[in-house]
Every structure is written in C-alpha cells, then in structure tokens.
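A.B. asks: Sequence:
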Amino acid sequence: MFFQWFRPLGAGVEAAFDGAIHGEAILARLLEVYEATAAGWGENGRYDVYFVVRNPPVLSRAETLALVQRHLQNLLALNEWSRGPSDEDVREGLESLQSIEIVHGAVPETAVSPMATVLYEFLGDLMAELKYGQAPLQSHALLMHEAFYTLAADHTLTDHLTWPLYGDRIPIAEPFLPYFGLWKCGVHLHFADVGKLRVHVPNLLDH
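When the letters of the sequence shown are read in order and numbered with this note's numbering, they come out as residues 11 to 217.
Rather than coming from a laboratory, the hints here were simulated on the basis of the structure. Where hints are given, some of them may not hold.
[To be verified] Each pair of labels, with its calculated beta carbon distance range:
{"no.": "1", "residue 1": "V62", "residue 2": "I110", "range": "23 to 29 Å"}
{"no.": "2", "residue 1": "D216", "residue 2": "F12", "range": "35 to 41 Å"}
{"no.": "3", "residue 1": "N213", "residue 2": "L152", "range": "31 to 37 Å"}
{"no.": "4", "residue 1": "G52", "residue 2": "H165", "range": "22 to 28 Å"}
{"no.": "5", "residue 1": "D28", "residue 2": "R101", "range": "37 to 43 Å"}
{"no.": "6", "residue 1": "K141", "residue 2": "H114", "range": "35 to 41 Å"}
{"no.": "7", "residue 1": "S109", "residue 2": "L152", "range": "24 to 30 Å"}
We treat Cβ as the ideally placed atom computed from N, Cα and C, and that holds for glycine.
Please put together the full structure from these sequences, using the hints given.
C.D. replies: What follows is the structure, encoded as structure tokens:
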C-alpha cells in the first residue's frame, strides 16, 4: 500500500523513481492513476483501500467497443509473439468470441470464468518471460512490483504501468494502453459464457 501515502494526486511520489531506469515513463503512467481516482476519494470520510475510479468519465458505446476491440487485438498479437504453455487456449478463446455485450452498470459478483483464468496465466507467463528470459533488467522500479499490484489488485494494470521496462523486448507497441483507457473509465470486462464478453460501463452515454 506504499502508493496510498501520496493520495489523492501523487504529490511527492516522484522521489521514489529518482535514478530509476525508465522511472520517468513509469511515473507518468502512475500519475494518471492518481488523477483518475482523485475525484471522490475521501468524500464523506470514505478512503478506499485500493485505487478506485469513483467518478468515471462518460463513455459512448462506440468508444467502449473501439477500446475493447483494440485490447483484444493486442492480446492476440501478444499471443502470436509468445510461446507459452497456455497460448493455444488463449488464441482459441479469443477467436471464438461471438458477441461483445456492452451494459450499463457495475459488474456483478460472479465466479472467475475459465477464460479469465486462461488470460491470467498467459499474461503471467508472458511477463515472466520478458522479465527473466533475457538479460535481467536493471531498474529499482522492479522492486516496486508488489506496490504497483496493490494499487488496484489488477495484474493487467500493473503490466501497463511497468511496460516501459519491457517495451524494447517485444515488437508490439503499448499493448495494454487500450485496457488502461477502459480502466480509467471504471470499465470491467467479464467473460460471462463461452464465446461471450460482457463489458460493464458505469457511466455509459447511450444506455
């Protein structure tokens, strides 16, 4: 919970990145997280343990769909590049998607879907390969990996924030940027059933 100390807008957090390789690039992304979650933090005495987007901006269905499609395309591109054990399941799962349903409101409490588990394992293997499969990275920002994860208990958000450390190791530019665009708007993706992705948008323009 290290980054909680610098809420709501991250004043002073830059000192943690002094001298870190790619520190400025990571800091810029982190400050976007502070900005997205500042509104509503501390209101009525409520201080979220995690960084939560309480007042998300409005998204239209077209904007949402464009971001989701770019995110899925990037996952397929990462899958094409990777050679991990879960790659075939990822490709089959993504290519078998038959519908993307955009709904207004928060995601309901549901069990983790098999596809979500497959993606979690795939991205975990991929990031481990980027981190350890080549010459070890030399940046003390790596020591803050757990702190990045505890921002929102979101591995994909962590992958986006730390991507400057890995970007030169793979020929895919900013693969998690569309996901970050969705996250900043409070959007949640839920692989509800086989072949179906449900996208929950808390502030949907045309609902």
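A.B. asks: A separate judgement is required for each hint: does it hold in the structure or not?
C.D. replies: These are the hints, each one checked on the structure:
The supplied range of 23 to 29 Å is met by V62 and I110, whose beta-carbon atoms lie about 24 Å from each other. Remark: the range hint 35 to 41 Å for D216 to F12 is upheld by a beta-carbon distance near 39 Å. Separation of N213 from L152 is about 35 Å and conforms to the stated range, judged on CB atoms against 31 to 37 Å. In this structure, G52 and H165 meet the distance hint of 22 to 28 Å, their C-beta atoms being roughly 27 Å apart.
Between D28 and R101 the Cβ separation comes to about 42 Å, which falls inside the hinted range of 37 to 43 Å. A beta carbon spacing of about 38 Å between K141 and H114 agrees with the range 35 to 41 Å that was offered as a hint. Distance hint for S109 and L152: a CB-CB separation of about 39 Å, inconsistent with the stated range 24 to 30 Å.
When the structure is compared with the earlier hints, a violation turns up for hint 7 alone.
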